[in-house]
Each structure stands twice: as structure tokens, then as C-alpha cells.
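Chemist: The lines below spell out each chain.
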Amino acid sequence: MDTADLGGTAGWGPVVAPGDVEPEPPFGQRWEGRAFALTVLTMGRVSGRNLDAFRYALSRLDRSAYLDDGYYGRWLHAAEQMLTDSAVLAPGAVQARARRLRGEELAEPPVPEPARPDYAPTAPGSLRRLARAPRFATGDPVRPLAEAPAPAAKLPRYLRGRAGVVTAVRPPHVLPDTHAVFAGEHPQHVYGVAFAARELWGDGAEDATVHADLFESHLEPR
Amino acid sequence: MTPDPAGPPGPSLRTEALEELLVERGLVDRAVLDGFVRTYEQDVGPLNGATVVARAWTDPGYRAWLLYDGTAAIASLGFTGPQGEHMVVLEQTADVHHVVVCTLCSCYPWPVLGLPPSWYKDPAYRARVVREPRTVLAEMGLDVPRERRIEVWDSSAEVRYLTLPRRPAGTAGLPAEELAALVTRDAIVGVAEVAAR
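Residue numbers (the UniProt record's numbering), protein chains in the order written: chain A, 1 to 222; chain B, 1 to 197.
Looking at chain A on its own, in the form it has when it is part of the complex (with noise of 0.2 Å):
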């Protein structure tokens, strides 16, 4: 999650305001449309509709491919490297077509054969039923893990180490560390842990409180 994890981060200069963009139709240009459907219409194909093996991809994207084109244009580059991950496409099979369609004359690589993953989910979507009660209750002090413990995991750097208290019980959601790798689905409670923004940001912080969703294995007690 490193290239996708910017909360906290400097250098974005000033927030787009609202009232610039609206009213904003969801798609400002034809192409992000089709990007958008072909993405989450090709994730079932590759991986039983594994969005955290998306997020996953999305994450391990080079700088420019996150950012220059917006939000559908890292969707595209996502869902490329998901389908030649596979071997549904070879590399470099999009750049060549694209090419061919502005005119230019060059081979196609060959179609490969596929190898997706053996893996499918046990059920729609991402929560999931527990038989064991969860590890904290509201109130519990809490601290996430210094380090992710994972590559996917989904623990932003702002908060690692950092105190925080359990204000929430969420349902249990299948574990991006291992889903999005297509190693198991392993569900784990999920906490709402609330930090004020002092203990993030230090003492000349703009006083607020800061929740985020945390998995029961990336927190400990304190």
C-alpha cells in the first residue's frame, strides 16, 4: 500500500473546491466510463471479484501510472497488470493494440496461456461471519502495529504505533494481507479506533479526532 497511502503526506498544494467542479457528471470523458466498467467487469474474471487484489494493484503502481491519468486512468493501469499478472493478456499486448489503433505497424505479442489463480471467495462481497468473539471491546486503548505486517495490508502509515481507543465493533471482513495475494480469506474482526490528532500529528496539530477502520491482527492492546 505504499503508493496509495498518502494520508498525512505533504506537497499536494491547495483541495479542489466543490463549488468549482459542480455539478460533475460521474464521467468527464467517454474513456473513463468504459475504464470503469471494464475494471470492475474483468475483476470477476481474474479473481472472483477480488477488490483487494484491485486495491492491492492499484497500490503497487508506479507514481506516474497513479497519478497522471486521475482516478480511472490508475483503474486502467490496475486492471492491466491484474489481467497479464494471469496471463489473460501478454505485456505489452494494451500498448501494442493501442498503437495499432493510432495507425502505427507492429506485431501483437501472442495470446498467452491463462493462469489465473486458483482461488474463488466463499461468499459475495466482504464481510463475513465469526464464531469467535472478538479480541476488543469499545473503550479498549489500543495501538496498530508499527510496520505493516503484510504488503497488502490495509494500515495506513499515519497511524502505525500511533495510541488510539476502540470505539466500534465492526462486522468481520475477509483479511486483505492474505485476500489480495489470493492466499485465503482468514476474517478477522474489524475495530473503528478513534485517535486524537495531537498523538498523530503532534502538539501544534489542529485539534480534531481521526477514525479509521483497523484489522484485529494489526492491533495490540496498551
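Simulated from the structure, these hints should not be mistaken for laboratory data. In this text, a Cβ means the ideal position worked out from N, Cα and C, and glycines have one as well. The reader is advised that the hints may include incorrect statements.
To be verified - Covered stretches of chain B (in silico footprint by chain A; criterion: 3 or more residues with CB under 8 Å from a CB of chain A, positions within the stretch not fixed): (1) 7–13; (2) 36–45.
What the hints assert, rightly or not - Derived CB-CB ranges, DEER-like: (3) G161/A x A64/B: 36 to 42 Å; (4) A181/B x V21/A: 16 to 22 Å; (5) R30/A x E24/B: 19 to 25 Å.
Fit chain B to the given chain A structure using the hints.
Modeler: The following block gives chain B in isolation, referenced to the frame of chain A:
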């Protein structure tokens, strides 16, 4: 490599290329693709969320249910689907202002608000609103009074958040449909307030 005066193909061409490749392979049906795009252009949008808010403003029983079990109360109006498995509704009050973000991607409650607007997906919003929410909200046109606490909700797992905005003064007696027309997605995400016309 041959010289490349035109540069690498841009996203529009690459999208067209990907679509052709998948259609040729029988992995995507163009009619299904067209229908999918249309659904998100026409049917799934912020109007659903505005309907939820207006109902809560006019029906105290619904309001209590919405705040207790957002997912079920929203589903009762027919709004379900991807990115809405578990929705939590946060009540804006005179004492606390809630604002929603996703710092890791751009997670957003699609069934009630449609696809996220550009400002929500913008790296500056994702990076800064967890660090300096009052400043960011002011840049977006919302000055939160000093005495009002700010709570920022980072949608870092599968819970999706929306706020129940405060009903504007001067709207007593308006029917739900007219109230819904006042409610914006910006207000439901928490970067604006609802204004009476």
C-alpha cells in the same frame, strides 16, 4: 526500439485497446459494458442519498433507525449494491462536524452517492483532510465554527460512511421531495452544509 514521436498511447487509446482485446477473447460483452456504464451514469447517484436524508428529516422513526443501523434503513428504500455492504450514518450537530475520506484509495458509498466526485479522489484531499481538516474544509468553502468539534472518518476497511446533514432553517413544512432537492453529495460527505434555497 524505434523512435516514438507520438509518445506512449494515452488512456483513451489504451481503454479502447483493452476493450477490443477483451471483446475479441469473449471475456467482455459490449452490450453488458454499455449497460454497466449507463447504470452508473443514470441510476446510481447522489439522488439516492438525498432521498435518505430527506426521509430522515421528515420521519423521526426512520431517522432513529438510520442512525442505529444505516445499512438496513438505506436498504429499505431500495438502495443496495457494491460498496454498500455496511454503511454507518453520522449525525451532524451543533457540537460536532463529521467529514469522510479514504486515504488509501477513494472508497465511497456508491449505492447512496454514486461514484465519487473529483475532489474526493484528489490526492490533496486524501492526504490533507486527516491532518488539517478545519483548514481543508475552509478551502472547500465550509467554515466550521471554532466551538464545533471535527471528527474525520477514514474509510480504511469496508465500512462506508455518510453524514446526516443538519436540516436548514426555514424549511419547516416542506415535503420530503422538495427537501431532497436541497441536499447535495458534498453535504452528505461532510464538506458542505445544506442551504435553504
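Chemist: A separate judgement is required for each hint: does it hold in the structure or not?
Modeler: Comparing the hints with the structure gives:
no. : hint                       : verdict
1   : 7–13                       : holds (count 6)
2   : 36–45                      : holds (count 5)
3   : G161/A x A64/B: 36 to 42 Å : holds (38 Å)
4   : A181/B x V21/A: 16 to 22 Å : holds (20 Å)
5   : R30/A x E24/B: 19 to 25 Å  : holds (20 Å)
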